[in-house]
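Colleague: Using the sequences and the hints given, assemble the complete structure.
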Amino acid sequence: MMRSESDPQVIACTKLIDALPGLLDAQGLQAVCDWLTARQVLHDGQEDPGAVIVEGLEVELAIAETFRQFAERLQCRNAD
Numbered sequence: 003m004m005r006s007e008s009d010p011q012v013i014a015c016t017k018l019i020d021a022l023p024g025l026l027d028a029q030g031l032q033a034v035c036d037w038l039t040a041r042q043v044l045h046d047g048q049e050d051p052g053a054v055i056v057e058g059l060e061v062e063l064a065i066a067e068t069f070r071q072f073a074e075r076l077q078c079r080n081a082d
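Using this note's numbering, the letters of the sequence shown correspond one by one to residues 3 to 82.
FYI, nobody ran anything at the bench for these hints, they're computed from the structure. Just so you know, not all the hints are guaranteed correct.
[Claimed, not checked] Beta-carbon label-pair distances, calculated as ranges: (1) Gln32 to Ala66: 25 to 31 angstroms; (2) Ser6 to Asp27: 29 to 35 angstroms; (3) Arg75 to Leu44: 17 to 23 angstroms; (4) Gly58 to Gln29: 37 to 43 angstroms; (5) Gly24 to Leu59: 34 to 40 angstroms; (6) Ser6 to Leu63: 18 to 24 angstroms; (7) Val61 to Asp27: 32 to 38 angstroms; (8) Glu74 to Gln11: 16 to 22 angstroms; (9) Leu59 to Gln32: 28 to 34 angstroms; (10) Gly58 to Leu25: 21 to 27 angstroms; (11) Ser6 to Gln29: 34 to 40 angstroms; (12) Glu67 to Asp20: 15 to 21 angstroms; (13) Ser6 to Gly58: 20 to 26 angstroms; (14) Gly58 to Asp20: 29 to 35 angstroms.
Predicted model only: the values in this text are computed from it and were never measured. Ideal Cβ placement from N, Cα and C applies to all residues, glycine included.
Modeller: Next comes the structure, spelled out in structure tokens:
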């Protein structure tokens, strides 16, 4: 079941993400960005991502996508 943007939990998460830059110093915000970045990709131990069967992984993939959206909202940049 997809949550609506009017869902109280979605609203609360959005407000928290939007508040973080004002609540954290640069080092703390970078730590949050690093944490989110590390969780944007579902690590399954497979070498060939095309060979992975995603059936049954919908929740994990949705969580990884949500972390990606949080990082985007925080304007996190990869330290490549």
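Colleague: Are the hints correct? Go through all of them and say.
Modeller: A quick look at each hint next to the structure:
1. Distance hint check for Gln32 and Ala66: the Cβ-Cβ separation is about 20 angstroms, which falls outside the suggested range of 25 to 31 angstroms.
2. Distance hint check for Ser6 and Asp27: the Cβ-Cβ separation is about 34 angstroms, which falls inside the suggested range of 29 to 35 angstroms.
3. Separated by about 20 angstroms at the C-beta atoms, Arg75 and Leu44 satisfy the suggested range of 17 to 23 angstroms.
4. Taking the beta carbon of each, Gly58 and Gln29 are about 38 angstroms apart, inside 37 to 43 angstroms as hinted.
5. Distance hint check for Gly24 and Leu59: the Cβ-Cβ separation is about 35 angstroms, which falls inside the suggested range of 34 to 40 angstroms.
6. A hinted range of 18 to 24 angstroms holds for the C-beta pair Ser6 and Leu63, which are about 19 angstroms apart.
7. Distance hint for Val61 and Asp27: a CB-CB separation of about 33 angstroms, consistent with the stated range 32 to 38 angstroms.
8. At about 19 angstroms, the CB distance of Glu74 to Gln11 agrees with the hint of 16 to 22 angstroms.
9. Restraint check, Leu59 to Gln32: a C-beta distance of roughly 29 angstroms satisfies the suggested window 28 to 34 angstroms.
10. For Gly58 paired with Leu25, a C-beta distance near 37 angstroms fails the hint of 21 to 27 angstroms.
11. Separated by about 35 angstroms at the C-beta atoms, Ser6 and Gln29 satisfy the suggested range of 34 to 40 angstroms.
12. For the pair Glu67 and Asp20, the supplied restraint of 15 to 21 angstroms holds, since their beta-carbon distance comes to about 19 angstroms.
13. Restraint check, Ser6 to Gly58: a C-beta distance of roughly 25 angstroms satisfies the suggested window 20 to 26 angstroms.
14. For Gly58 paired with Asp20, a C-beta distance near 33 angstroms keeps the hint of 29 to 35 angstroms intact.
The structure fails hints 1 and 10 (numbered hints given earlier, in ascending order).
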